[in-house]
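**Student:** Each chain is listed here by its residues.
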Amino acid sequence: MLGSRSRSRPADLRALADEELMGLVHDGEVRAFEIVFDRHATAAFSLAYRMCGRRAVAEDIVQEAFLSLWRSSRAYDPARGSVRSWVLSVVHNRAIDALRRQGSRDSRDVPDDGITERLPAPDRTDAEAERRDEAHQVRTALDELPPDQRRVIELAYFGGFTHSQIAEMLDLPPGTVKGRMRLGLTKMRNVLGEVTV
Amino acid sequence: MTGTGGLRNGRECGEDAAAYVLGALEPGEAEAFRRHLADCAACQKDVAELEQVTGSLADATPRYAVPRELRGRVLREVRATPKAQASRPTRSWSPRIAWGGAVAVAAVVVIAVVLVVALSGGGSSTRTIQASTGSAELQIADGRADLIVHRLPTLPAGRIYEMWVQRGSATPTPTGTLFAVTSSGTAAVGVPGGVSGVSAVMVTQEPTGGTPAPTTAPVIVARTT
Numbered sequence: 054m055l056g057s058r059s060r061s062r063p064a065d066l067r068a069l070a071d072e073e074l075m076g077l078v079h080d081g082e083v084r085a086f087e088i089v090f091d092r093h094a095t096a097a098f099s100l101a102y103r104m105c106g107r108r109a110v111a112e113d114i115v116q117e118a119f120l121s122l123w124r125s126s127r128a129y130d131p132a133r134g135s136v137r138s139w140v141l142s143v144v145h146n147r148a149i150d151a152l153r154r155q156g157s158r159d160s161r162d163v164p165d166d167g168i169t170e171r172l173p174a175p176d177r178t179d180a181e182a183e184r185r186d187e188a189h190q191v192r193t194a195l196d197e198l199p200p201d202q203r204r205v206i207e208l209a210y211f212g213g214f215t216h217s218q219i220a221e222m223l224d225l226p227p228g229t230v231k232g233r234m235r236l237g238l239t240k241m242r243n244v245l246g247e248v249t250v
Numbered sequence: 023m024t025g026t027g028g029l030r031n032g033r034e035c036g037e038d039a040a041a042y043v044l045g046a047l048e049p050g051e052a053e054a055f056r057r058h059l060a061d062c063a064a065c066q067k068d069v070a071e072l073e074q075v076t077g078s079l080a081d082a083t084p085r086y087a088v089p090r091e092l093r094g095r096v097l098r099e100v101r102a103t104p105k106a107q108a109s110r111p112t113r114s115w116s117p118r119i120a121w122g123g124a125v126a127v128a129a130v131v132v133i134a135v136v137l138v139v140a141l142s143g144g145g146s147s148t149r150t151i152q153a154s155t156g157s158a159e160l161q162i163a164d165g166r167a168d169l170i171v172h173r174l175p176t177l178p179a180g181r182i183y184e185m186w187v188q189r190g191s192a193t194p195t196p197t198g199t200l201f202a203v204t205s206s207g208t209a210a211v212g213v214p215g216g217v218s219g220v221s222a223v224m225v226t227q228e229p230t231g232g233t234p235a236p237t238t239a240p241v242i243v244a245r246t247t
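If you're matching them up, the sequences are chains W and D in order. Here the first sequence is numbered in the working numbering, starting from 54 and rising by one per residue. Here the second sequence is numbered in the working numbering, starting from 23 and rising by one per residue.
Don't read these hints as lab results, they were simulated from the structure.
Sample of chain W residues lacking proximity to chain D, with all beta carbon distances greater than 12 Å (derived):
| no. | residue |
| --- | --- |
| 1 | D65 |
| 2 | L66 |
| 3 | R67 |
| 4 | A68 |
| 5 | L69 |
| 6 | A70 |
| 7 | E72 |
| 8 | E73 |
| 9 | Q155 |
| 10 | P199 |
| 11 | P200 |
| 12 | D201 |
| 13 | D224 |
Here are the simulated EDC-like pairs of lysine to aspartate or glutamate, each with C-alpha atoms no more than 20 Å apart in a straight line:
| no. | chain 1 | residue 1 | chain 2 | residue 2 |
| --- | --- | --- | --- | --- |
| 14 | W | K240 | D | E37 |
| 15 | W | K240 | W | E207 |
| 16 | W | K240 | W | D196 |
| 17 | D | K67 | D | E53 |
| 18 | W | K240 | D | E71 |
| 19 | W | K240 | W | E197 |
| 20 | W | K240 | D | D81 |
The calculated label-pair distances, taken between Cβ atoms and stated as ranges, are:
| no. | chain 1 | residue 1 | chain 2 | residue 2 | range |
| --- | --- | --- | --- | --- | --- |
| 21 | D | R57 | W | D186 | 35 to 45 Å |
| 22 | W | V83 | D | S218 | 23 to 33 Å |
| 23 | D | R57 | W | R153 | 17 to 27 Å |
| 24 | D | E53 | W | L120 | 21 to 31 Å |
| 25 | W | R153 | D | T193 | 18 to 28 Å |
In this text, a Cβ means the ideal position worked out from N, Cα and C, and glycines have one as well.
Please work from the sequences and hints to get the whole structure.
**Tutor:** Structure (structure tokens):
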């Protein structure tokens, strides 16, 4: 892991895959980091904003996630997933932390400030078009779940609530909440199984 | 797929896999499930499959424009944060390494540390502590410090190693360094800012993305004074 410091810099960094760029990020190449940021910041910010509903909080989470990627580029292991999934996983964990630190839980569902601009789905590249199609498949799979299963999944994943909190909120036994989570995710997995999400 | 695991605490362990990948277990439950996961192939399979779904959920949210100033702020911060290999002032060391009491208490992973110190003048000294599971070296040269670990366990999905530094007897603070190990249990990570003023470098196992305060006892404690 220490032996990659003498890599030469390709002329067109934008042509490189994320995994190759991460090697340059590890070497301290800011331009490679910029490209990684530009590729994934919209997804990262959208997830953080969807979860927290506060632009300032979402910005802090995204900033911390990307700085973590810069400082800890050695932690990235392609065998464990893509750069994008690593970034989104970091954002999700940090957003949950932020939500659980937050005393009030009133405004988790809807972004609050009306300032943040909703983007049309960008299709500048084939990869973006493919991602848009996959996102559509995932949203459809979620929407088609029975409402009681969809609700617990959304409260947990996007709301950051624990199964105990959800059980209390919906006046259900904790085992029922876990069971609905399992059924819902399993159905989604089966639906999406042929789509390679 | 799910629900195929064995028994944990007298109940089907597969019930917890979905809540785990959604981040919906209580902290204590999550820690217990992670320990269980290390030895349960059925739950490992469940988690790997269900994480594909939660990963796709993350990427399926409505898109919002990234505030323009955020990009500038992140890049300014990055330029002000040199990578660990940037050169730093030279200093010499007379190191000593010891195990923190927390390691013995935690018994998560017992790691013997081999501390190798390369002095700036070209000399070196090595102090070896009795080996058990895994090993680590803290290499210090020209003010730069790198922690190299060998034969550490690979962590289950959703977990990562996080590095901390302690100054004096103060509470350890996060370095922002997160790392995984290769299939052979090896990793090499820089200690951001070097070890000037640092009394110990520690490593804990944490959720992916790291935490602002440790949630587990350290698996490595390398004392520098």
